[in-house]
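Novice: Residues per chain, in single letters:
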Amino acid sequence: MDTEPKAPVRYIDRTKEQYDALGYGSYNWAHITEPPPFTQPKDLASARVGMIATGGIYAEGQTAFTFKDDTTYRAIPSNIDSGALRATHFAYDLTDARTDINVVFPIDALRTLRDDGTIGELAPALFTCMGGIYSQRRVNEELAPALVQRCLADNIDIVLLVPV
Amino acid sequence: MVLAAFAALDATEPGQITDLPHRWSSSDDWKDRVMRPKPKATTSISSGDEAATTDDRVQRYETPQYQCATDATAAAISHAEAECLVCAGIDY
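Just so you know, the sequences run in chain order A and B. Following our numbering, the numbering of the first sequence begins with 18 at its first residue and continues without gaps. Following our numbering, the numbering of the second sequence begins with 3 at its first residue and continues without gaps.
Any given hint could turn out to be false.
Stated by the list, open to error - Some chain A residues judged to face chain B by a derived CB distance under 7 angstroms, without partners named: (1) P22; (2) K23; (3) A38; (4) P52; (5) F55; (6) Q79; (7) Y90; (8) A92; (9) R103; (10) F107.
Claimed, not checked - Mimicking PhoX-like on lysine-lysine, the simulated pairs with C-alpha atoms at most 25 angstroms apart in a straight line are: (11) A:K33 to B:K40; (12) B:K40 to A:K85; (13) B:K33 to A:K33; (14) B:K40 to A:K23; (15) B:K42 to A:K59; (16) A:K23 to A:K33; (17) B:K42 to A:K33; (18) A:K85 to A:K33.
Simulated from the structure, these hints should not be mistaken for lab results. Keep in mind it's a predicted model, so treat the numbers as computed, not measured. Backbone N, C-alpha and C define an ideal beta-carbon position, used for all residues, glycine too.
The following block holds chain A by itself, in its conformation from the complex (with noise of 0.2 angstroms):
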């Protein structure tokens, strides 16, 4: 039975209320003030697509995430058989994402975007990495420049950022 929409669940403000009944400090989030400058290079319909997606998506042969600040990433070809990936992670409920990939990494709905014509072309490699990476200074230094010099070599245009 349909109830009435709820408002958003504020993540940070619970997260706090939990590190502080377990008797942890506060955390210390980052705080960006200003948002990074946007500017859309061009038409969907002509525009290369890539996906950066932080639910802990392998594919079959590759080395599984670990749990623990883990700043590595994965390139997924945008070809595979989405039968072949797989989801780990210490911070959310697999359920759904281990019954369907796409929950996370919505390949099979970007490919169906290509074929109709919405979007120009897949990049040749999908991202995948961790979240819940509590080093912000190893987020920013490591992980972000990397995926960052992966798009650009990639000539991607528009990413689609999946967050879980």
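For this one, chain A is given, so just place chain B on it according to the hints.
Specialist: Same frame as chain A, but now just chain B:
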């Protein structure tokens, strides 16, 4: 939903958040339960200074955590002879 996200590109400004008309489930009751501290079960012996909340978070293992055991075998085989070009950032 992915298409709706792309369509929103034309209507949004940097930093703007747009709510899409999609719902995760027909009931939002799960929002009341997610990430709420869970009271620890009462025990007869207590030092009185431990946290009163159960820590039910998953342990943050430092080794690769495979979805299934066969994945570990497949990874070992695929990495046995050459450096993997798709597991970026890992030193083998």
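Novice: All hints, please: hold or fail.
Specialist: Now for the hints, and whether the structure bears them out:
no. : hint           : result
1   : P22            : holds, 6 angstroms
2   : K23            : holds, 4 angstroms
3   : A38            : holds, 4 angstroms
4   : P52            : holds, 4 angstroms
5   : F55            : holds, 4 angstroms
6   : Q79            : holds, 5 angstroms
7   : Y90            : holds, 5 angstroms
8   : A92            : holds, 4 angstroms
9   : R103           : holds, 4 angstroms
10  : F107           : holds, 4 angstroms
11  : A:K33 to B:K40 : holds, 14 angstroms
12  : B:K40 to A:K85 : holds, 23 angstroms
13  : B:K33 to A:K33 : holds, 16 angstroms
14  : B:K40 to A:K23 : holds, 22 angstroms
15  : B:K42 to A:K59 : violated, 54 angstroms
16  : A:K23 to A:K33 : holds, 21 angstroms
17  : B:K42 to A:K33 : holds, 18 angstroms
18  : A:K85 to A:K33 : holds, 19 angstroms
Of the numbered hints listed earlier, the single one contradicted by the structure is hint 15.
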